[in-house]
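Peer 1: Chain W is already provided as a structure; the job is to place chain Z on it using the hints.
2 protein chains.
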Amino acid sequence: MSGRGILRFPRDVRVSGRASAVGREEYRGPLGACFDFHDESDRFGASTWETAEEGLGGVVFNLALNRAGLGYDDVDLLFAGDLQNQCVASSDAYAPFGIPFFGLYGACSTFVEGILCAALALSGCPALARAAVVTTSHNGAAERQFRLPLEYGGQRTPTAQWTATAGGCVLLSAAEKDAQNGEKTDHGVRVSAGLPGRMVDAGITDAANMGAAMAPAAADTLARYFAETGENPADYDRIVTGDLGREGSAILADLLAVRHVSLGTRHRDCGAMLYDPARQDCHAGGSGCGCVAAVTSGALLPEMESGRFSRVLLLATGALMSPSSLLQGGHIVGVAPLVLLERA
Amino acid sequence: MSGRGILRFPRDVRVSGRASAVGREEYRGPLGACFDFHDESDRFGASTWETAEEGLGGVVFNLALNRAGLGYDDVDLLFAGDLQNQCVASSDAYAPFGIPFFGLYGACSTFVEGILCAALALSGCPALARAAVVTTSHNGAAERQFRLPLEYGGQRTPTAQWTATAGGCVLLSAAEKDAQNGEKTDHGVRVSAGLPGRMVDAGITDAANMGAAMAPAAADTLARYFAETGENPADYDRIVTGDLGREGSAILADLLAVRHVSLGTRHRDCGAMLYDPARQDCHAGGSGCGCVAAVTSGALLPEMESGRFSRVLLLATGALMSPSSLLQGGHIVGVAPLVLLERA
Numbered sequence: 001m002s003g004r005g006i007l008r009f010p011r012d013v014r015v016s017g018r019a020s021a022v023g024r025e026e027y028r029g030p031l032g033a034c035f036d037f038h039d040e041s042d043r044f045g046a047s048t049w050e051t052a053e054e055g056l057g058g059v060v061f062n063l064a065l066n067r068a069g070l071g072y073d074d075v076d077l078l079f080a081g082d083l084q085n086q087c088v089a090s091s092d093a094y095a096p097f098g099i100p101f102f103g104l105y106g107a108c109s110t111f112v113e114g115i116l117c118a119a120l121a122l123s124g125c126p127a128l129a130r131a132a133v134v135t136t137s138h139n140g141a142a143e144r145q146f147r148l149p150l151e152y153g154g155q156r157t158p159t160a161q162w163t164a165t166a167g168g169c170v171l172l173s174a175a176e177k178d179a180q181n182g183e184k185t186d187h188g189v190r191v192s193a194g195l196p197g198r199m200v201d202a203g204i205t206d207a208a209n210m211g212a213a214m215a216p217a218a219a220d221t222l223a224r225y226f227a228e229t230g231e232n233p234a235d236y237d238r239i240v241t242g243d244l245g246r247e248g249s250a251i252l253a254d255l256l257a258v259r260h261v262s263l264g265t266r267h268r269d270c271g272a273m274l275y276d277p278a279r280q281d282c283h284a285g286g287s288g289c290g291c292v293a294a295v296t297s298g299a300l301l302p303e304m305e306s307g308r309f310s311r312v313l314l315l316a317t318g319a320l321m322s323p324s325s326l327l328q329g330g331h332i333v334g335v336a337p338l339v340l341l342e343r344a
Numbered sequence: 001m002s003g004r005g006i007l008r009f010p011r012d013v014r015v016s017g018r019a020s021a022v023g024r025e026e027y028r029g030p031l032g033a034c035f036d037f038h039d040e041s042d043r044f045g046a047s048t049w050e051t052a053e054e055g056l057g058g059v060v061f062n063l064a065l066n067r068a069g070l071g072y073d074d075v076d077l078l079f080a081g082d083l084q085n086q087c088v089a090s091s092d093a094y095a096p097f098g099i100p101f102f103g104l105y106g107a108c109s110t111f112v113e114g115i116l117c118a119a120l121a122l123s124g125c126p127a128l129a130r131a132a133v134v135t136t137s138h139n140g141a142a143e144r145q146f147r148l149p150l151e152y153g154g155q156r157t158p159t160a161q162w163t164a165t166a167g168g169c170v171l172l173s174a175a176e177k178d179a180q181n182g183e184k185t186d187h188g189v190r191v192s193a194g195l196p197g198r199m200v201d202a203g204i205t206d207a208a209n210m211g212a213a214m215a216p217a218a219a220d221t222l223a224r225y226f227a228e229t230g231e232n233p234a235d236y237d238r239i240v241t242g243d244l245g246r247e248g249s250a251i252l253a254d255l256l257a258v259r260h261v262s263l264g265t266r267h268r269d270c271g272a273m274l275y276d277p278a279r280q281d282c283h284a285g286g287s288g289c290g291c292v293a294a295v296t297s298g299a300l301l302p303e304m305e306s307g308r309f310s311r312v313l314l315l316a317t318g319a320l321m322s323p324s325s326l327l328q329g330g331h332i333v334g335v336a337p338l339v340l341l342e343r344a
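If you read the sequences in order, they're chains W and Z.
First residue of the first sequence: 1, per this note's numbering; consecutive thereafter.
First residue of the second sequence: 1, per this note's numbering; consecutive thereafter.
Keep in mind the hints are simulated off the structure, nothing from the lab.
Please note that the accuracy of each hint is not assured.
The list cannot tell twin chains apart, which means a pair is met if one copy fits it or any two copies do.
Said to hold, decoys possible - Within a straight-line C-alpha distance of at most 20 Å, the following computed SDA-like cross-link-like pairs (lysine to any residue) qualify:
(1) Lys177 / Arg11
(2) Lys177 / Phe97
(3) Lys177 / Arg130
(4) Lys177 / Cys34
(5) Lys177 / Pro233
(6) Lys177 / Ala127
(7) Lys177 / Glu228
(8) Lys177 / Phe37
(9) Lys177 / Leu326
(10) Lys177 / Pro10
(11) Lys177 / Ala208
(12) Lys177 / Ser192
If we strip away everything but chain W, and leave its shape as in the complex, we get:
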């Protein structure tokens, strides 16, 4: 096995806590009842959309700790990120907690990037016991930073995605593989393996079609994963992408078809699941750092804890670009890290 391949961890890394929080549209969607917290004003106690995202981050992180009966001192490392310039929603939200901090930027892929980094860190240092991963996004902050202020009421194209006002946090704990995992809050879900994403540049320049930019990266990761394992999609209960949306999911299916891989009915996309297209005007579906984080924490992990799903591949997809890079002729580069979640 080369170092370019699937990463497996010497320690037993398990989910030991989780929380999710969303705004108004997300609560109105099909998964609304799954989330631990919602704020129908989208304000989260703050007076701007940017600081509202900080409020959202604080809620979701504190809630994960509260539910696990843990305090700030129980978290050895915090991996966090968001979409705001300089990831400032994360630094402003989590600075007061005094936890050793790693800031990440992987656009909408940051949540799975964080799980992978946290699993590697916990495995890489026996003194580390517990890490937190938290990512957020806010529709009002992201839309005016990347596109136009909401007040402008601009028309959107059918391929456009709707940045979710959402956040999710998972706590991960590690024990030696030959020892019993001593966490009282063990959720019975293990991070068994991971595959970091390679950046894929498919030449996309349309910021209103992120799905097209991210699908080639998701196809690259899945093709590498199945080639190395010799497994196929039928070996998994769910293969979850977040957040290609409907447009990107269709492109992913096409790109995998030419490689003779079909995800079939096992595929779900967090962006496509978050809103109801019949009732909500969210075009190709949800996106944003918080989308996959909230759907994983609020909907996917509970299904694994209940025993309904035993083996799940979770990929987050990121569109790496900035408004000025596109104005200067740059492309939107995709990246899609993957983790394998299994019932312990």
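Peer 2: Relative to chain W, chain Z alone:
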């Protein structure tokens, strides 16, 4: 030892390659002859400052591989970051190389954050053999993004720092501790330990005084490090911060004095070293993701390889903020991860 303390790595993580590249002002400075590459036009083959930074990143990464006799396939993981919105200089620079990628954002602390993440990852997964860490900054891109376009010719306050047009790359390789490190390009320098930074909010809001925002984080990290090890600054050949500048370095000395710690003549700051205040109008010194990266790769590591320094503490300091967070009343939060570099 708690998980909050100093992190030590089960595998033997060593520097196996390095390269640095700078622009015109940095080449004219006291360290000019140390750097592997310079472009006096600051353009690096590109037509905008933002894309010039991508060119710079490509040069420094390729150069590190060239000098080590390695190719893209020899790098298992790439940890990279920069200061541009959405870290787009990194994604656009390194996407063509097809290397599994982790994007980081720690402002000017990203280089040491990356070394720490890479050391944890190499230790966390036996299949991983080699990781690269690369960070860049460009004066023209950063000044117009964070402050004003260069063409405006705005006055600067004495505490302001000058964003370096610079980049640095280190390659890190791991072997089991009981095996001989088989790297032909072993530079004889080991990453022995690390201490992640905690975010410290000292209430600073002046974007022209980053040193004041970062020094409290550096003091926090150093105080924790010396308290846990029971060592003192005299046990090290150099304690290198990057990049507090002259203002931040003076504040750090004051903050450590009240904790009865004196770094004395062992302290060097990459930002203060990069320019000559008598000849160059760079105010409190250099800053930017590329400053500590270029000075470490170009000047510090060669001094360790030659045997002049055997034990070095390297801290990078980051000022976490965005122009809009400051307009909305936010503070500049500091963070300062640390690594211990030792002659192997």
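Peer 1: Now tell me, hint by hint, if it's right for this structure.
Peer 2: Structure-based check of each hint:
no., hint, verdict
1, Lys177 / Arg11, "both (5 Å within a copy, 18 Å between copies)"
2, Lys177 / Phe97, "neither (30 Å within a copy, 35 Å between copies)"
3, Lys177 / Arg130, "within (15 Å within a copy, 25 Å between copies)"
4, Lys177 / Cys34, "neither (32 Å within a copy, 47 Å between copies)"
5, Lys177 / Pro233, "neither (27 Å within a copy, 39 Å between copies)"
6, Lys177 / Ala127, "both (15 Å within a copy, 17 Å between copies)"
7, Lys177 / Glu228, "neither (23 Å within a copy, 28 Å between copies)"
8, Lys177 / Phe37, "neither (34 Å within a copy, 47 Å between copies)"
9, Lys177 / Leu326, "neither (47 Å within a copy, 46 Å between copies)"
10, Lys177 / Pro10, "both (7 Å within a copy, 16 Å between copies)"
11, Lys177 / Ala208, "neither (45 Å within a copy, 50 Å between copies)"
12, Lys177 / Ser192, "within (11 Å within a copy, 25 Å between copies)"
Checked against the numbered hints above, the structure breaks hints 2, 4, 5, 7, 8, 9 and 11 and satisfies the rest.
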